[in-house]
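Mind docking chain U on chain Z? Use the hints.
There are 2 protein chains.
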Amino acid sequence: MSATNIVWHSPIVTKESRSTLKKQHPFIVWFTGYSGSGKSTIANAVEQRLSELNLHTYLLDGDNVRNGLNKDLGFNDADRKENIRRIGEMAKLFVDAGLIVITAFISPFKHERQTVRELVKKGEFFEVYMNTPLTTCEERDSKGLYKKARAGEIKNFTGIDSTYEPPVNPEVTLDTSSMTVEECVNRVIEHLNNAGILPQ
Amino acid sequence: MSATNIVWHSPIVTKESRSTLKKQHPFIVWFTGYSGSGKSTIANAVEQRLSELNLHTYLLDGDNVRNGLNKDLGFNDADRKENIRRIGEMAKLFVDAGLIVITAFISPFKHERQTVRELVKKGEFFEVYMNTPLTTCEERDSKGLYKKARAGEIKNFTGIDSTYEPPVNPEVTLDTSSMTVEECVNRVIEHLNNAGILPQ
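Chains as they are written, first to last, in the working numbering: chain Z, 100 to 299; chain U, 100 to 299.
All the pointers check out, no bait thrown in.
Here are the simulated distance ranges between beta carbons: (1) Z:R239 x U:G295: 43 to 49 Å; (2) U:G222 x Z:T113: 25 to 31 Å; (3) Z:N166 x U:K122: 25 to 31 Å; (4) Z:H210 x U:N166: 16 to 22 Å; (5) Z:T214 x U:T234: 40 to 46 Å; (6) Z:E238 x U:D171: 37 to 43 Å.
If you want the ones that stay clear, here's a sample from chain U, every Cβ over 10 Å from chain Z, calculated: (7) H210; (8) T235; (9) Y263; (10) R286; (11) N292; (12) A294; (13) L297.
It should be emphasised that the hints constitute simulated quantities derived from the structure, not laboratory data. By construction, the Cβ of each residue, glycine as well, lies at the ideal position given by its N, Cα and C atoms.
Excised from the complex, chain Z in its bound form:
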C-alpha cells in the first residue's frame, strides 16, 4: 500500500507568491459542534462578512463535501475519522492556494481536529467551538435528524449514540442559544482581527 516513489517538484508559483497576489493571509476557520448548534449558519455569515472585506474565501461543509469527495463514507467512527482527515488535507491545499477556508462539520473527535491543526502553520488554524447545549440542538431539530436518531432510524448520531469530544482550548467559543448570529460573527471577526490576519 501507500504512495512511494513520489518525487517532489519545487513549484514555481508558491504559496507566498499567491498570498502576495491576493493580498491576504490564508487560514482555516474550523467550526465544530453538534448538529443544530449553528455551525453552517454562523460559518455562512462569517464568510459573508469576510467577502465584504474583498477577501477570497471558500466554505467546506456537508453539502459540497459529503455529496462529492466523501460520498463513499458513512457515519461510523472510522468513516468519521477519514471524513475529517480528507477535509483537513483538502483545507490545507486551499490554504496553500492562498484562500481563507471555513469549514462546518460536526468533527466530533479531538484527535482528528488536532491533526488538522498540525497540517498547517501555527496561527493558520482557528477552532470555533459551537457550545450550544445539546438539548437546544435537539429541540430545534431543524433537519428532523434527532427525532430519527431517537427512533433508531439513524445510527451513529452524534450526541445520541455517538460521542462528541469538546475542544479543550478552542480559539473561539459560541453558543447560539444565548447569542445572536451577529454577536457570534462579531466574536469570530474580533478574534481574527486581534490575530492580525485581516486587512486593517
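Just chain U now, with coordinates in the frame of chain Z:
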C-alpha cells in the same frame, strides 16, 4: 454506507460572486500521460504563464495530493480510480472557489477522466494529452522508475504492467519529444485563448 440525511444549504457567497470578485473564469486544465511524458514540467510552465496574467491558479500533482489527501492509496487499478475520483471532486471545489486548477497525474483510464469532465460545466475542462512516446519516457527515466518497474521492483507501473488508455478527443495534444517547453505552453495558452476564457 454513504452520506444520506444531508440537507443542502444555499451558500450566500456563490461561485458567481467569487468569479466576479476575482475577475477570472475558473476551469480545469487536466494533463494526462505516461510518467516522464512532461506533465509536471508543462503544467508548471502553464501555471507560471497564467499567473503572469494575474490569474489565480493552483496546481494539483502527485507531490501535494499523493503525500496528503491520497496517501492511503496505492497504485492498483482500484486505488488509481479512487485517486482520480478524489482529485476530480477536489478540483471541482477549487473551480467552485473560482480558481484555475491545473492537474498533472498519469490518470490512465478514460472512464475516470470522463467522469471528472462531467463534474464541471461544459467548457470548464481542458484535457491535455501528453503524447510523448513511451520509449522516450523510458529513455529519460528521470525518476529511475522505469528501471525499477522493468526489474519488477515496482508493480502496476503504467506502460509496463499497467494500462494507459489514450484520450479520444483531447482539447490539446503535446509531444515533448518533438516540441520545446515553450511550444507546448504556447499551444495550451492558444487553446485557452481561443476558448475565450482568458482576459484579453
